[in-house]
Every structure is written in C-alpha cells, then in structure tokens.
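Each chain, written out:
Protein chains: 4
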Amino acid sequence: MNTSGRFFRFTTFGESHGKALGVVVDGCPAGIEFSETDMMPLLERRRPGLSPLSTPRSESDTPEILSGIFEGRTTGMPVAMMVRNKDARSGDYESARELFRPGHADYTYQKKYGTRDYRGGGRSSGRETVSRVMAGALAMKMLSGNSISFESRIASVHGVSDPGLFEDEILSAKSAGDSVGGVVEVTVKGCPGGLGDPVFGRLDAALSAALMSVGAVKGVEIGDGFSSAEVYGSENNDPMTADENGNVRFLSNHAGGILGGISTGEDIVIRIAVKPTPSISSDQQTVDIHGNKRLISTGGRHDPCIVPRITVVAESMAAVVIADFWLSARAYAPIK
Amino acid sequence: MNTSGRFFRFTTFGESHGKALGVVVDGCPAGIEFSETDMMPLLERRRPGLSPLSTPRSESDTPEILSGIFEGRTTGMPVAMMVRNKDARSGDYESARELFRPGHADYTYQKKYGTRDYRGGGRSSGRETVSRVMAGALAMKMLSGNSISFESRIASVHGVSDPGLFEDEILSAKSAGDSVGGVVEVTVKGCPGGLGDPVFGRLDAALSAALMSVGAVKGVEIGDGFSSAEVYGSENNDPMTADENGNVRFLSNHAGGILGGISTGEDIVIRIAVKPTPSISSDQQTVDIHGNKRLISTGGRHDPCIVPRITVVAESMAAVVIADFWLSARAYAPIK
Amino acid sequence: MNTSGRFFRFTTFGESHGKALGVVVDGCPAGIEFSETDMMPLLERRRPGLSPLSTPRSESDTPEILSGIFEGRTTGMPVAMMVRNKDARSGDYESARELFRPGHADYTYQKKYGTRDYRGGGRSSGRETVSRVMAGALAMKMLSGNSISFESRIASVHGVSDPGLFEDEILSAKSAGDSVGGVVEVTVKGCPGGLGDPVFGRLDAALSAALMSVGAVKGVEIGDGFSSAEVYGSENNDPMTADENGNVRFLSNHAGGILGGISTGEDIVIRIAVKPTPSISSDQQTVDIHGNKRLISTGGRHDPCIVPRITVVAESMAAVVIADFWLSARAYAPIK
Amino acid sequence: MNTSGRFFRFTTFGESHGKALGVVVDGCPAGIEFSETDMMPLLERRRPGLSPLSTPRSESDTPEILSGIFEGRTTGMPVAMMVRNKDARSGDYESARELFRPGHADYTYQKKYGTRDYRGGGRSSGRETVSRVMAGALAMKMLSGNSISFESRIASVHGVSDPGLFEDEILSAKSAGDSVGGVVEVTVKGCPGGLGDPVFGRLDAALSAALMSVGAVKGVEIGDGFSSAEVYGSENNDPMTADENGNVRFLSNHAGGILGGISTGEDIVIRIAVKPTPSISSDQQTVDIHGNKRLISTGGRHDPCIVPRITVVAESMAAVVIADFWLSARAYAPIK
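Chains as they are written, first to last, in our numbering: chain S, 227 to 562; chain Z, 227 to 562; chain D, 227 to 562; chain W, 227 to 562.
In isolation and in its complexed conformation, chain S is listed as follows (with noise of 0.2 Å):
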C-alpha cells in the first residue's frame, strides 16, 4: 500500500539503496505551472550531507520529471517525478545483513515478507520520504493559488523547548554515540472553512495516518491534543464570533482549526513526536535471522537526530492531504 490520497492520489517507489526513488501523481488537475525548480528548495532542505546534524551521506537528489507536465503546466495526466540515488555504499550495510537492528524495521520486513533489501533500510529507510517531498512540492504548488501555505518548527528536542539548545542536545547526543528525538509541530495558513469529509474521512484522521505514516513517527495530536484531555469543557472550548462581513471567526484555536473532522477556517496546527534515531553506536542486545543472540552497534551513517530534516516531510505531508480535501470539496460542492 504505497498509494496516498483518495483524490489527490500518488504512488511512492524506490529503496534506500536501489537505483531510483520516485513518485507518480494521479490526480493532479490541469493548468499548474509546475518544473523540477519548484521542487529544488523543498528536496534541499531534506538532503542529507549539509550539515553535522545530519548523515554524511551525499546525495544532490537532482530530480527528473518524466510525464505529465507539457509546455511548463500540468495536463491532467500523471506526472512521474524520481530522483537516481548517487552514493549508495551497500557495502557499509553487509555487515548487518543477517543482523536485526534494535529499533528497525529489519526484523519486521523480514517476518512479513520472508526476505529484505538490507541494504540501508531498504524502502523503509528515511530516503523514502524523498519521493512524498516531490508529491508535497506539486501538492503545494496546486494550494499556493489558493492562498494556503505549510509552515513547521521544531517545537522540542529531547523535551528542551528552547530553540537554542537544539543544537547542543543533538551534537551532544552525537558525541556519546547515542540520538535524540523531539516534536515538530506544522501549521496549515490559509485553509478555507469545510475541508474533510466525515466520518471515516475526517480531515484530522487523513493527517493522523499521512503524518504517522513517516518512519519514526510515534504520535500525532490536533490543535491542544492531549493537553485537552486535562482540561474543563469550558476552557476548551473555542467561543465564537462574527467580523464586520458577518464572517464566522473563533476567539481562540483550542481546536487545532478542525471541527468534526472540518475545517474551522482557523489554522490547522499538528503536531508529531519524532522518536530518537534507532541507528546508535553503543552495543545492544539483538538477534540474526537464525534466532542466535548477538551485540550490534549500528555502523553506517545515520542521523543523530531525525527533527530537523523531518520538518519539510511532515509539511509535504499535510500538504498533500489539504490538497486531497481541497479537490474533494469540489467533488461535492452542494447542489443548488
């Protein structure tokens, strides 16, 4: 099930350490203006190899439109986009290749299908996401002629909330061979009024599975969250009002700018829990495919900390289930 999204749908392919990573969006109308150049600040904020806070691993993760687009618009037709990985070393992967990865999908891939492409992760490794960046890019493009925009932060890493610890806490987990996790909260601008479908469709469900559907991953929360959960009805509440044009505008956002699964109008606020990276160098306790005990320490080269790289996902993401409510709301405008 590689396929997102009822209307604004795509299909993700490619592993971590194969040829080619990519993306077939189906279902993307006609006339937007849409080139490999919008998708160029997007994929650069996820690439690997900029920094210390992230893998070394160097990737330009140059894309390549293959269909879809014709004289620098949309046609209505799919549009297949992929980017061909560069610097796959398999090699650094053959040491665990009988070895299950505490923390990992490799014993889970393994179970379910009775083989894995072990090298680096396979399709469950974060260089997945590179494809639903592409997806979001084109997602994104189709909103921005509406006015609505993705933006995301980093609201905490390894529970410290101060932005200027970040960095400490990731290189100092780095340095002792361990990772750190953290929240990373999105916020959707602009979103009309009415988008979601109930009740199976309900706007925050879609962004719940699109959000949790990112590797490490581990919870989602809309507007207040669990923090809603402790308080009275009365204070969570959002009053309502009317501006001057007799507009329906809410005093505060309690509600995370969704109402039985629709949107209020009101800025949509999401927040994820990113867990730390699995990939750690101190030992831990595991078990080959033959079911024998064994230490690992995972070699390779990772990210000590996934938050700020995950960012533009988690935007492509919600940019990609806006998108899809946004053309179901055309489906079913009311008849008159």
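Be aware that one or more of the hints could be misleading.
Which copy is meant is left open, so a pair is good if it fits within one copy or across any two.
As the list claims (entries may be wrong) - In silico DMTMM-like links for lysine to aspartate or glutamate, alpha-carbon gap of 20 Å or less: (1) K415 / E461; (2) K367 / E461; (3) K415 / D404; (4) K245 / E395; (5) K400 / D509; (6) K245 / E290; (7) K562 / E411; (8) K312 / E290; (9) K367 / E270; (10) K519 / D469; (11) K312 / E470.
Simulated from the structure, these hints should not be mistaken for lab results.
Following the hints, position chains Z, D and W against chain S.
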C-alpha cells in the same frame, strides 16, 4: 467518505435522530459464526442512559442483522446491521436550529454542506459510533478465532490517573455544568508479527486514522508516543532476544508493538486523547447561522464525560483495523 | 466487493430470500430533493409479478429511506435505502439445496465460499438488482437537474429485432419450458463532453464494468461496437463540424458518444447481451454438492426472459456511472 | 485514474512523445523471480517498426526496473519499471497542433482539460500500452507458478475470419490510405474455479473494464457473448458432470468459464472488438481548436491495423485482472 478499510471494509450510515443507524461490512470471509448476541455485550458498554455518568437518553440499541448470515455463519456476502432509533426527542434541539454550538461540528457542517440535520448533531453525533461497534463486534469475532483480543482502560480523566478518582472528577464537572475529557489506552493482545503494509498502509498510520476518526479524539500515540521524543535512542530502542525455539522476543515494548509500520508480535499499545464534551450548560459566546453574535447554553441530554463510553468504540476501531491487515497479510503472503 | 463507484459510491447488500435488500449511497452532494416517491416508478419497472412475462413472485418492493435525507433533501451524508422481502418461499428451494443448477452461480459460490445461501440464488439472484435501481434513482435525480437523462429499449429478443414479435418469442419459450435472452440498448441523453478519466477510468470501461456486473449480461458494446471491427476507418470515423456558436458537433455517432474514454457530448449508446434465463423446466444434466451426477428440472418462480425487466437496471447502472464521472469532472476541472 | 486493480494494483504514466513511459506495480507478493528479460518477449510483440503491418516508428522499448527487486526476486515493495522514448519526432505533429483528428481523443482531451499534449496523441496514444505490458509480464510471471497462462488469437480482421487473408486485408487497406479493425480472442488457461467477487467485483465485469480501457476497443464479450442472446436457455446452459475424483466439470463452455461473476475452472474466453485505426490519409472533415471547419489528412506514423499488436496488450490486461482476483481469493478464503 463513510467507508473504512480496504479488505475488512465497512460503510456506516445514520443520524442521531434519524430512523436508524447501521453498517454494511463488505469483506468478511465466509464461515464465521455470528449473530446479534455477539454484538450485545459491546453495544451495552456504549449504550446511553445506564449511569449518572452518561446522558439520560434511553436507547435499547437492539441490533438487527439484515443480510450476509446464513445458518448462523457468514457467507462472504455483505453483512448489513442496524439499530432503530427510539428515544429521539428532536424537540430538544429546535432552539439550537439556528445556533452554532462551540466545540461541535455545527458550524463546519453548515459551512461545508449549506445545510445540516441539526437534531442532536445529526451525523456528527457520538451516536454514530453505534455502527462502528457493530462492525467491531464482527471483526473481533473473526479475530478471536485466531487468538487476537482487545482490551482498554481509562488511563486518566481530567489529568488524574488514579482510577479511584475518575467518577469524582466527572460528577464534580457535571454538577458545575461543565465537562471533562481523558485518555484511553487500547491494547491488542495476541497479534502476530507481520501485520501492516509499507509505506502508507502502515499499521500505526491506519490505527491513528481509525482512532482519530472517532469524535472528540484529538491525539493518538503508539507505545511511548510523545514520551519517546524526550529520551535517548539507547533508552527507546527495544533490545531483542530469542526464546528457546528461536522465536524473536523483545525485552521491552517502548515501540508499542509496531516497527516500521508492521507488528512485532508484542502487545500493540495505543493511547488516545479525548477532549471534554463540548456540550456544557454555562453560557458561551457564539453566532447564529445569520452571522449574529449570540449566547448559548447547550440544552439536550449529554455525557459530562465521554471517556467511559468511548472505550468500547476505541476497541472496535482497533479491531476493524487489525481485521483489515489480517486479511491483507493473507493476500500478500510471500510466494515461495 | 459490493461497492461501486469512486465518487458517487454505493454499497449494496441483501439476498433473494433474506430479510431485506438495500443500498448505502456514500458520495451524493447535499441539496438534492429526494424521497421514496422518486424511486417508485423505477422500482415498478423491475418489480416481479406484474405480467405473464415475468416471475409470479409477488413483492411490493416498498422502499424505505433510513438516513441522509433531511427536510426533503440530501444532506451530503450516506443515503441508506432498503426494501424488505415479503414473498420469500424458501421451501421452493429445499429440493435444490444440494444440486447445482446449470447456468447459475450455485457451483461457483459453493466452490469459492464453501457454503451458500441456496434460497433463490441468495446474493446471486437477480433480486439483488433492486438495490441498484434505488441507487440509480438517486443518481438520475441528481443528473436530471443537469439535463442528463436515460432511456433504454429492447433491441432484440432471441435474435428477433421486430418489437411486435418480442412477446411471442417469450411466451413461446415459456410454453416450451424454455427461456430466451436478448439485447438491450441504453442511451444517455444530454451528457456533456468531458466526462471520463484516462486511462483506467475511461467512461466506456466503467460503463462496461457496471453493465457486465449485472447478472445474465455476457457482452457489452459502445456505439457501433462489434460492427465497427468490420468496416474501414474512413467509414467508422465520425466527421466533425461546428455549429454557429463554434461548438463542436459530430456528423455521425459511430463512436457512441465516447472518444479516448471521454464523452464527446453526443448521445452515449451502450448495448448489452442478455443470456436466456438459466432456470428452465426441462431436464438438465448436473451434479450435486457431493459430486454425484444428477438430473435437474429447475422449479421455483422464474422469468422466461429477463430482458424486459433488465432495462431499468441497465439504465440505473448507466446513471450511477455517469453520476460518478460528473462528480469527478467537478473535482478535476482545470485550474486556470 | 491511471491506477488499475485492488490487490495487484498498478499505476501507469507517460506520453507518446514524453521522456518515458512506465508503471509502478504496488501489491505484488514477495518471492517471485523477475527481471527485465521476463518482459522482453512480450514487449517485442507490441513493439512498433517490426513489419509493414505496423507503424515505422522505431523504439527499442528497453525496460528498466527501478525498484522492488532484490537479488532477482520481488520483495513485496513497489516494482517500478519504465522505458525511455527514443524515436519521438514531435515535429510530425506540429501541423495537427490546432486540429482535432476524427476518431481520436484530441477533442475530448482538449474539452476536458483545456489543454493537451498533442504530440502523437500524448497520453491517449496506443504507446501508453507499453506500461500495461510491463505490468502484465509481472502478473503472468506470478501466475505461471500457479499454472495459469494466457493465449490470444486474431478471430477476424475487417470481418474476415480466415487467418490466411488477414495480411491481405491490412495491406489492402494501407495501400488505399485507409485502415481496418478486427476481433481478438483471449483465453485464460488453467484458471482455478472460485476467482471473482460478487457483485461489483465480478470477474467478467473486471475483465470487461480492463479490456475496454484499451484504446480502440469498442466491445467485449465473455464466452458466447452476443450470440448467447439469440439461443434458448436449454442451448446456452452448460451441463455439468463430475470426473472420477468427484471434481465438477462442464460438458460445454458457452459461459466462457465464468458463472455469477466467478470462474468455473474452465477456460476463460474473452473477445474484444477493435475499431479501425482512426489515422487515415484520406481527407476528413473536422474543426480546429478555434471552432473553424477544416479538412485533415492524418500524417505521422501509424498502424493500418492495430489488431496484431493489440493481442499482447489484451493478454496483459487479462493477466493483471486474474492476478488481482488470485490475490483476492487468498485474502477472502473461507475461515473454517
């Protein structure tokens, strides 16, 4: 989008004060013993009117199976089930016909559809979940034959995690004309390893969507969830070992039974944040459908805390998701 | 897979001799006037027991809308509809419990499911189509507001294309204890150009699946269909012209209103081949569920020719497909 | 909607004169040996430029597998495959930029999307089917391990059913600047009984959609198809018997291997009507995109008859459908 699931797929229908609520399960294999009595204990757990902690609305919630069962077993055909509404006092809601209740879906439904069944929240009512419990009952029955079971507990109410204090918290809020929320934890026991599909069909993503699709849920976490974002990788990784038969076991379960979106064979642990019931009797600022500012005190019959009754709904949603992936695993079992 | 459609999506349920047959339409926009009386004329056309040409089984087929309609209009929520079975004489079928009727689905259902509701064919009965007609009625109502309508005619019975001879052919077969089939032609009038999606969502592909999914249908053709395979390209191409307003018109309609899987704006013409009813009273060679060779003469109550009653089913299936693409065209309208 | 299938699901992309055409198969189990060489013989059968009966466009159609294969076998991950276009002389089509070619999708695409890649028909070109053949190759490989195979034959060309005359018919049309169509018959051998799902997932419905989705196909029939509408039930029913092991056998196969939408275990027989190639060199009446009446003689490089090259496409489409239901049957096998 009132359909959930790809394999164990079901569609729900019905409004709070309409004629009936029901579900059609399409995708249940033949051969499972199932009758109305299998649903009774679950429906009873969510039935209103049973305690001072819940709404006084009295519904017997007597289920009727309309199709798909022959000689006591499923035939592989769609299983349609429904309950008729009995105690639907629409009159209670006439006053709110033109008012948007804060924290409810009134405004967003009106905005989206240009109309709404305002009687008791219509389709956005918690009453909609009766359909989910019926589907869940069938999923649980199917899975019980494979030793998979579902449990839930209230982890906290209004921030208080001592079960001895839950009732006090709720009744205290009720007497103040207010409401409270809480956290519910669902555990899937006996789930085999290997359920879940990369990358958008991850088991955790599907569980998140299913749970977040329940009204009043504002957050979902798997395993240690948001807490995992605050610890080191060396603390969060679950070390692995093997039992005497060479079967892989985990020495801890911070991951909540899911790695890389696929079940590990350990207990699957999900927690959801439930917001306080938005219906409260104190005055709240709102607007009417004409854009006029108004005050509202929500009448009708409501739960001061939905948490106790939501447990069985949460279990049901977990069950339909596991059922879905259990069928998926059959379809996609490796070919030797 | 009892769900049809992507946008105007519906799920049917029910067996020939079960409690009820019904449908849940999920994906109908809000605002459409609809009630039971909109279904009556269509249901009447397929109702059994009305003439010597059809089965004497007597069913009033009184539809009940269970949800999704409020104050006379659709609300955007699922529209559940059902009819209860009345004249279900299961006893008629006891003798055939262990016998596979040639030309029926008895054997294939038993083979696939290891069981079957043998009463009147269970779910494989033509009675299942009552659900389709209810869905079709809603689709037609939605489309009628956009001047799209549906017609059908019997093109031939038992190879005879003179309408004055149809009744003779049927009654002659009936008196011989035999049955006949025929060809039905459905025409969609007023369909705008631009409906249909490449390449697997072609309008002709969707119409074919929808019509072929009706029991007894063994062939589908669009426009000139099989005849187009016998002429030159210069004869088969439809020349194009423009009216005084510059609107494109076709000077002929060999294509049956569809080019490249997308509607041209001309009438859409579909023909289906309906096989003779497999239930006949003469002895036929068969086997029982234990693998013993047997003779069978199909008792029960049957139509000597299903063609007259299938016309409204065929129109209904065409309507749900057009409704589906009409919504799709809204979703995917080009972005300027 | 460029995705086909529910279980063996694939998405195609690419235009006639774009950079590449390809397919992503999502839903193929792990463990199947597969490489580019498995595709070669099939691609060769549809490759252009091989005979005077086909277009002189020269494409090597060299496939490249981008993902999903590891150590020679499928891993359960998406299998992305593509061929790059080589001999794309877009210049040939400049003249037709503003003209709608009769019988082609030019007008309907322009009408629907407000734009179109007019180079060689863009996405509506028969060249799109190269993606289908790649998907079909993988489906056939999976099924061949289960002794299911696919055959096809040309049943007629231009109404002539003597194979010795096919080439004459085509060359005669070609020399007259005209084109011809024909009928192709596909047979599925070795298909077990029990494939197919009621009621909208009927095997015959799915095959019809799959075959009708191929450009130029205007009709589909199963078994005796339209002929079955002209005979008595006593002639059309296939009598049943049992072999020495008690296995059910049919004494004839008018049904074409499908009853009630589910395979019987006999050969599955499908026939499709292929219209004459719309590109012909004689003058035809048309309009341009501005609504002016014009004459057109279709230049470019075309097949005078697409029938010979469509056979492998038809087999491929049958294969992906059977693969889909083969996986479905695993998912929904009865539970004892």
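Hint-by-hint comparison with the structure:
1. Taking identical chains as interchangeable, the C-alpha atoms of K415 and E461 are never at most 20 Å apart, the minima being 24 Å within one chain and 36 Å between chains.
2. Proximity of K367 and E461 under a CA criterion of 20 Å is satisfied in neither setting, with 37 Å inside one chain copy and 41 Å between copies.
3. Proximity of K415 and D404 under a CA criterion of 20 Å is satisfied in neither setting, with 36 Å inside one chain copy and 32 Å between copies.
4. Taking the shortest alpha-carbon separations for K245 and E395, neither the intra-copy value of 35 Å nor the inter-copy value of 46 Å comes in at or below 20 Å.
5. In this homomeric assembly, K400 and D509 come within 20 Å of each other (Cα to Cα) only inside a single copy, at 15 Å, whereas the closest approach across copies is 53 Å.
6. Taking identical chains as interchangeable, the C-alpha atoms of K245 and E290 lie at most 20 Å apart whether they share a chain (14 Å) or sit on different chains (10 Å).
7. Neither within a single protomer nor between protomers do K562 and E411 lie at most 20 Å apart by alpha-carbon distance, with minima of 39 Å and 32 Å respectively.
8. In this homomeric assembly, K312 and E290 come within 20 Å of each other (Cα to Cα) both inside a single copy, at 14 Å, and across copies, at 17 Å.
9. Taking the shortest alpha-carbon separations for K367 and E270, only the intra-copy value of 17 Å comes in at or below 20 Å, while the best inter-copy value is 40 Å.
10. With identical chains, the CA atoms of K519 and D469 are at most 20 Å apart between copies only, with a shortest distance of 10 Å across copies and 66 Å within one.
11. For the identical chains of this complex, K312 and E470 are neighbours neither inside a copy (57 Å) nor across copies (43 Å), given an alpha-carbon limit of 20 Å.
Hint compliance for this structure: hints 1, 2, 3, 4, 7 and 11 are not met, and every other hint is.
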